[in-house]
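Trainee: Note that the numbering used here has the sequence shown beginning at 63, numbered continuously upward.
Hints were generated in silico from the structure; no laboratory data involved. What you were told as hints is all true, and nothing was included just to trick you.
Cβ pair distances, simulated, as ranges:
hint, residue 1, residue 2, range
1, Glu421, Val120, 36 to 42 Å
2, Gly287, Gln528, 36 to 42 Å
3, Ser452, Lys291, 29 to 35 Å
4, Ala355, Glu242, 51 to 57 Å
5, Gln356, Asp376, 21 to 27 Å
Result set (BS3-like, lysine-lysine): computed pairs, CA atoms no more than 25 Å apart in a straight line:
hint, residue 1, residue 2
6, Lys425, Lys261
7, Lys232, Lys250
8, Lys425, Lys232
9, Lys283, Lys302
10, Lys228, Lys403
11, Lys228, Lys425
12, Lys283, Lys228
13, Lys272, Lys250
14, Lys282, Lys244
15, Lys208, Lys301
16, Lys282, Lys250
17, Lys282, Lys208
18, Lys283, Lys208
19, Lys208, Lys291
20, Lys232, Lys244
Computed from a prediction, not measured in an experiment: that's the story for all the values here. We treat Cβ as the ideally placed atom computed from N, Cα and C, and that holds for glycine.
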Amino acid sequence: MKEVFIIGAGFTGMRLAQMLIAERREVVLIDKNPERVKFALGRLDCRAIEAEGADFSVLERSGIGSADSLVALTGDDETNMAVCSLVETIWPDVRKIARVRNFSYYTAASLARQRVGTAESLPLCGIDRMLNPDVEASSAIIRAVKHGAVGNVIDLPGEYVLFTLKLGEKSVLTGVPLRELKGIAGWKNVIAFVESEGKAFLPNGETVLKPGDVFGVVTKKDEIGSLVKTTCSDDSEFKKIVIFGADRVGMLLVSHLASQLERPVWAKLFGSSSPKSEVIVVDRDIDRCNDIAQRFPCVRTVCGDVTDSALIADEDLCNCDLLVAASGDREKNLLTAAYMKSRGVGRCIALTENSAYDEISSKLGIDVTVSLRESVVDGILSCLRGGNVSSVHSVCNRRYEIVEGDISASSDVAGKKLSEIGASGAECLVLLVTEPGSEVALVPDGNTVLEEGARIVIIAPAGNSQLLQRFFGEG
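Given these sequences and hints, build the entire structure.
Mentor: What follows is the structure in structure tokens.
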């Protein structure tokens with residue numbers, strides 16, 4: 063298998079290398095920092111080179127010409143783009159992926175990508191996929207808000223989503239083996255994973271849920287409300303939303319919510335009632351607050367610190383249905399969300415730097431955590447899997463992955479019934495199947511035949527490349 067070159071051995075570069083090595087991929091790490099290179103050599107089974115990532119001679123000697131992909135993850139956007147541009151010029155067949163934090167660069171690349179295929183433009187710097195951490199994170203938060211902030215939400219094929227819930231004390235699911243759930247009125251869902259007493263596992267028919275267990279559910283979007291009621295979670299509408307932090311992620315979120323709140327011209331002319339929801343943004347920077355007030359008149363701004371008890375009382379912030387802590391101070395986001403949750407806020411979402419605090423945040427009562435770094439890693443992995451795999455999402459603090467892809471002719475499972483391939487229990491679960499030529503995803507059973515060309519969604523242990531090859535084949 064061809065090598066993957068990673069330029070930049072920081073946290074994201076190391077995490078990505080770790081995941082790829084677990085999948086038995088060949089990795090080359092390049093970083094100019096000798097300490098990082100030494101650290102990588104001591105912990106990872108890969109080549110690690112101390113050098114400038116944009117050095118042509120280093121790339122050539124290291125074998126970039128025969129590589130599968132280049133991933134630029136240095137701390138400097140211009141360096142990432144320059145490396146990709148260099149490789150595009152000399153080795154155009156190498157796939158190029160770059161993390162770019164500068165939002166202007168990202169929007170320029172997005173515009174260029176829309177015009178690819180015309181004589182007017184090519185991908186910016188030859189970058190096949192550009193990822194902006196703020197955009198990835200804000201998209202994840204928007205999905206969570208859209209589905210009630212009941213847990214982290216993953217969009218699946220067709221009408222389906224997977225989201226995480228905590229079982230309430232009075233839920234009818236308590237103490238019922240999963241094989242008997244079909245007897246519960248209205249139950250049409252699939253439980254993909256369970257986290258109980260600090261352990262994550264894939265369930266089987268004998269699994270019994272207990273109050274406090276966290277579990278992932280595959281369900282149709284229009285059935286989320288009834289499912290939340292079944293698990294004894296509050297599904298009330300968000301009438302008052304507080305956003306702490308008007309950094310880039312906060313601004314993207316405000317922009318989205320404002321577009322939902324803004325009444326059309328005809329409603330204003332004929333005196334239609336005001337929007338059902340109120341959005342309040344709290345930030346210490348007066349310039350940011352003024353900017354939001356000018357751009358989004360339907361959003362109320364408060365200049366101050368959300369942890370200021372006097373401010374909380376004066377603005378009645380505890381009486382909100384949802385708090386999103388999305389400031390640039392990631393640790394403060396966790397503290398703020400936990401504090402506001404203890405003060406009676408209905409739902410809380412916290413933006414974090416990585417998933418290290420996921421388990422702690424869950425115990426603190428924080429409903430959803432969104433990690434900047436992990437969202438970037440997931441996006442890159444989806445690109446690198448390539449071939450027959452179209453998307454990959456990590457769950458259970460990266461212990462498992464939700465993988466979507468197509469069954470190829472080289473797949474070991476092509477043409478077989480689900481009951482014949484042993485895809486159950488501890489190894490993996492097939493969650494959804496979309497038959498060739500169809501756009502309707504279905505929950506499979508033991509008699510479902512996995513035909514060549516079918517699109518499937520599975521949950522499997524992270525980094526199990528042999529299992530992925532078994533289902534999706536080579537490519």
